[in-house]
Amino acid sequence: MSKRYISIWFRQLKTDWFIIRQPLLFNTAFVLSEASHGRMIITAASPAAQSEGIHTGLLVADARAISSSLQVFDDITDLPDKLLSRLAEWCIRFTPSVSIDLPDGLILDVTGCPHLWGGDGLYLEAIIKRLKERGYQVSAGMADTIGTSWAIARYAKESFTVESGKHTEALLPLPVASLRIETEIVDRLNKLGLRQTGQIIGMPRNVLKRRFGQSFIKRLYQAMGLEEETIYPVQPPEPYQERLPCLEPIVTATGIEIALQKLIETLCHRLQQEAKGLRVAKFKCYRVDGKMEMIETGTNRATHHAAHLFKLLEEKIATIEPGLGIELFVLDGLKIEDVVPFQEKLWKLDSGLADIQLSELLDRIESKMGAGRIHRYLPDEHYWPERSFKPASSLDETTTSNWKVENRRPLQLLAKPALIEVTAPVPDYPPMLFRYKGILHKIIKADGPERIEQEWWIQEGQHRDYYCVEDEKGCRYWLFRSGHYTSEKLYQWFIHGFFA
Amino acid sequence: MVASKANIIAQLQKAILPLQGIKSIAGNQASPIDLGPINHAFPNGSFITGAVHEFFCNGPEDAASTGGFITGLLASLMKNNGAAIWISASRTIFPPALLSFGITPDKIIFIDCRNEKEILWTMEEALKCDGLSAVVGETQELGFTASRRLQLAVEQSRVTGFVIRLNPRNLSTACVTRWKITSLAAVLHNNMPGVGFPCWKVELLKVRNGKPGSWQVEWVNKRFKHAAKAGPMIAIPSNQKMKTG
Chain A
1 MSKRYISIWF
11 RQLKTDWFII
21 RQPLLFNTAF
31 VLSEASHGRM
41 IITAASPAAQ
51 SEGIHTGLLV
61 ADARAISSSL
71 QVFDDITDLP
81 DKLLSRLAEW
91 CIRFTPSVSI
101 DLPDGLILDV
111 TGCPHLWGGD
121 GLYLEAIIKR
131 LKERGYQVSA
141 GMADTIGTSW
151 AIARYAKESF
161 TVESGKHTEA
171 LLPLPVASLR
181 IETEIVDRLN
191 KLGLRQTGQI
201 IGMPRNVLKR
211 RFGQSFIKRL
221 YQAMGLEEET
231 IYPVQPPEPY
241 QERLPCLEPI
251 VTATGIEIAL
261 QKLIETLCHR
271 LQQEAKGLRV
281 AKFKCYRVDG
291 KMEMIETGTN
301 RATHHAAHLF
311 KLLEEKIATI
321 EPGLGIELFV
331 LDGLKIEDVV
341 PFQEKLWKLD
351 SGLADIQLSE
361 LLDRIESKMG
371 AGRIHRYLPD
381 EHYWPERSFK
391 PASSLDETTT
401 SNWKVENRRP
411 LQLLAKPALI
421 EVTAPVPDYP
431 PMLFRYKGIL
441 HKIIKADGPE
451 RIEQEWWIQE
461 GQHRDYYCVE
471 DEKGCRYWLF
481 RSGHYTSEKL
491 YQWFIHGFFA
Chain B
1 MVASKANIIA
11 QLQKAILPLQ
21 GIKSIAGNQA
31 SPIDLGPINH
41 AFPNGSFITG
51 AVHEFFCNGP
61 EDAASTGGFI
71 TGLLASLMKN
81 NGAAIWISAS
91 RTIFPPALLS
101 FGITPDKIIF
111 IDCRNEKEIL
121 WTMEEALKCD
131 GLSAVVGETQ
141 ELGFTASRRL
151 QLAVEQSRVT
161 GFVIRLNPRN
171 LSTACVTRWK
181 ITSLAAVLHN
191 NMPGVGFPCW
201 KVELLKVRNG
211 KPGSWQVEWV
221 NKRFKHAAKA
231 GPMIAIPSNQ
241 KMKTG
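Quick note, the sequences are listed as chains A and B, same order. Oh and the first sequence: position 446 is 446 in the working numbering, straight run, nothing missing. Oh and the second sequence: position 70 is 70 in the working numbering, straight run, nothing missing.
Chain B with its partners taken away, still in its complex shape (with noise of 0.2 Å):
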């Protein structure tokens, strides 16, 4: 009796996904991206693409982690040749670092836009195109309707939307994960000298029908990496220690 309670709540949780956008990749293709532990904090196990991200950022340094983290997804949502839009109002994006994130360069296309209303147009109808692989967008402000329009977007084309919200004031949107990366002192393997390999910490503060969670990675030969292991971070306050020490 127990099980087969068990057994309806999953499958009318399976029957509910695909109508709150979320639709589990068809026969047996994995998901483009492999986030390792991050995985299971997702409804089906495995990363959501043809959906809108949000990530939260205060300060370019912020912005700096934040670009490399999404860099990092877009060169796995771009290996078949894929093409991505960049949309911001003031471009700070350095084309050549794109490389060490695995993207070739040329294949981003850059629009600048004015304002935030061009950026929000700008960014549906780029989204409403399937031949893109993923569309990064760079706003501040981003109300429940205009994210609700995105996220209808998506739907329809299953493209990636990825969008970076610097300093943000709005906090209710219809995105269907919530990020924050910030940076981490970097891990160094063997006492090797010098900066290492980038290293973030990435907090998914919202996730839809997913558990949040938070969890230190790196950034190594072209592919996320985990420093440490999955769930709550501990290994910060221990490296401060080190620092100030």
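Bound conformation, chain A alone (with noise of 0.2 Å):
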């Protein structure tokens, strides 16, 4: 398939934005200028300024002379950056993938997009109402390339869309400043009375090398379709991604559930072919004022299973703002992994963390209450309670260590260790009574003590003499005794857990 690609010019990029900014302005002569060697010179002049023959580079000063009721507004260096990165997002309602072509242009990669629109004239034609109903003055060309389209879209008399396999053809009565080469080259080609690309198409590789260099051939070759050219999307385009434009804008909750529904099912059909699951997707759309809505959602385990990822998404569409309404909705399947088929068994037996039924279950509590509530754990090796376990980050994640079983350890631990009194006997007997909360407890029967040390390599501190111990009542808790017994009274009593 053939590659399509148009070039948008915007002809007065900067003033037409003064213009749509300040509608005053409109119909007027005014110019920006910017300071350069002590001197104001002009850098764009409005269309009425250009009537009456001022045009850039020239003094502000001799501008004035020329038009007395003339307005200079001060030039802003990065404009034209900045204009045509938004403009090319806006452009993405036309196609995914969009490039800025400094200092004034656009160039839209729109391989398998006229189609949608009803063929290329109808979809330049689109494209090029849309912008001028923002206000811009625009020409534009669609051709099989970037060269011959840049050419059309500003030395061409009117935007017109070139046929398939027809570009060279294009190219022949344009004049040699449309192939994209420096200034200096066109005017030596000018000089030899080359005016025309026609002229030069026909003429050997080798003499044209040796005369006007190797970045000459390059582009004239690009513009035939000889050499491959790429453009830089100001997006990458997502590699699964489903896109859905509107004739009408959309602004009802139904209307933007239907839409999801069928790119959810046709990005679901595409990954089940290619037996991959979706982890993380976006839902955007992109209102008809340029702004763009989204909805985001994460699955525990790779899915294709349209109706869950719906549910998922479904939720959080109320918080979408239509705004005056959506044009495009577009789905981005952010993350992609490999999904492991499920066998179904003959014989029901419980299948665990593997089951899917599961995984959407979780998914569905993540979704509804936020990141972050689901945990599950897996032993770590560590001896220190507090680290002897960590969380594990998916549902099929397994660890090679073990859970220790060989002590006893209290069902409820108390998330941080609570001081209490005790009174035991030196040196190394369990306590008599403690209190907790103000409840004193007489200890019956005990076991320990258990020393767990500090690791010193994480953390500095006190050991910890663990002791199981049983109170009167037949309650069962986990004490220890922080640092040995010295003189200094440095050492400390706390309960850390409940035993079952």
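Because the hints were derived from the structure by calculation, they are not lab data. It should be emphasised that the depicted structure is a prediction, and the values quoted were computed from it without experimental measurement. Any given hint could turn out to be false.
[Said to hold, decoys possible] Here are some, though not all, of the chain A residues that point toward chain B, as calculated from beta-carbon distances under 7 Å: (1) V405; (2) D447; (3) G474.
Beta carbons are placed, not taken as given, at the ideal position from N, Cα and C, and that holds for glycine.
The task is to assemble the complex, starting from two chains supplied on their own in separate frames and drawing on the hints.
Listed below in structure tokens is the structure:
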């Protein structure tokens, strides 16, 4: 399939923007100026000023002499860059791949897009019409190569589309400057009497190269489609993306739901065929006024189950503000992973964590309550109780370490050990009584001590001597003394947990 | 005549049980949970799976013993590589300790909720998911409507639900059973020193169509063991006398 490109030329990018911002400037003579070597030089002139003979490069003082009512504004240095990137984002509604062509153009890779608007001609017209509605004077060209479309946009009498494969013919009558070459080379060509592209195209390659250099050959061949040329899109298109342009702007929730369902179904169908699944999905809504609304969701396990994904995103539709209407829906699969096909078992056995229903349930919980609510733990190689387990990042994650079984651990562990008052015989006997939250517990039975040392490479501090004790009511507690018995009384007793 | 009347009543009772959400286990399959003498307290003579059980507790000591008893039950429910969900607002469970009750801690998924509304929603959604073995929820309040919703959810999915209620106020719920588990002083075998095995007083305060009762249960070698004869507890006072003496 041959590539198709559209090049858009904003003839008056900067002054158009000034007119859009201040409509009173329409049809008045004004210029933008910039200080250079102590003089004010005109960097852009409005159409009205141009008709009076004021052009870019003229001094402001000279221009004032030509037109007494001339208004002068300061130029903004990176204005074209900002404007073009904003326009490029806006143009994403026509094609996913849009790149900036400084100083005053855009290049759209429209391969496979025009038929959605009913053909090349209608597509180009739609783009030009919409840009004109925004207040920009544009001309555009559509061809198989970037070079040809660029040439047509700038040097053809009017915007038109070149049929596929006819781009070289379209270049023939255009001036040599349309080849995107340096003015120096253009002058030299003109001196030699070579004014039209048609006059050079037939010349042998080595002859041209010797006289005009490698870059000239490159530009010429790129325009003719003999050499590859790439563009750098402002938003790199996602490999897993579905788009749904709308004929009429959508404002209702039902409309958004239908669009979402349609996009999810097409994306899931594709994922299913490639045995892939979605982990993170982003649903973007491009509004008529140029703003973008977006909702996002993630799943615990890669999935291409359309109904489930729809349910996850459906809950967030209420947060979308349609404004005056949404004209383009885009569904991006941001994180795609391989799906392990789940084998249906003949007899019912618990599939445990591999269960699809379970991961869908967790997705629903996470999408409703927010991230960070679901935890699963794996053993970690530490004796220190608080560090003896670590959170698992996914349902499938496993570890080579095993859960330690040799020592008794309390079922309920306090998040932070609580200080207790204790009566204990020295040196290493368990306490006889302890007071926790004002209640006195008399200890009947005890196990211990179990000494757990600080891991000095992680944290400095004192060791803990743990005792498992049972009070007169039969309740069992996990107590510890931090540090040795010393005369300075640096040791302290804590309660850390409750045994079942 | 009398015999036939008793027959009719027995048959009617059997017909009523499924309507109340208590389904007898089909065929020759035994209930996965064997509680020994406590089995007789239940209709059909076996622990009711696929229902919501309610546990009352006051204070962290009770919460620990209740948690221990429930994890013991979970271990039997999850023995075929099953997974369970534990829902709470302020989680204090120490995962490595679950191992001593026969559960691989990484088979349990903990969900932290902010308030009771979230807990109840999560619990209901989780109970609807028949890929799970069991669902445990810690909530203080459980209204009648909410508990009815949980019960209806499990009647579809046959998942077993456990609700731990710390300091409960509302007592009317649609749960099938109501339990209270308190710690007891461990029974020491052969004059062994130390603390001994976990030992609980298991009180079945309410059971639909069954006989409530009180038992003393020990957790030995990853299974429930009856420390004393079934029936009302006599062992405690004697134990306490020993301690004070």
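Here is how each hint holds up against the structure:
1. V405: With Cβ-Cβ at 6 Å, under 7 Å, it holds.
2. D447: The hint holds - D447/A has a Cβ within 7 Å of chain B, the shortest such distance being about 4 Å.
3. G474: holds, 4 Å
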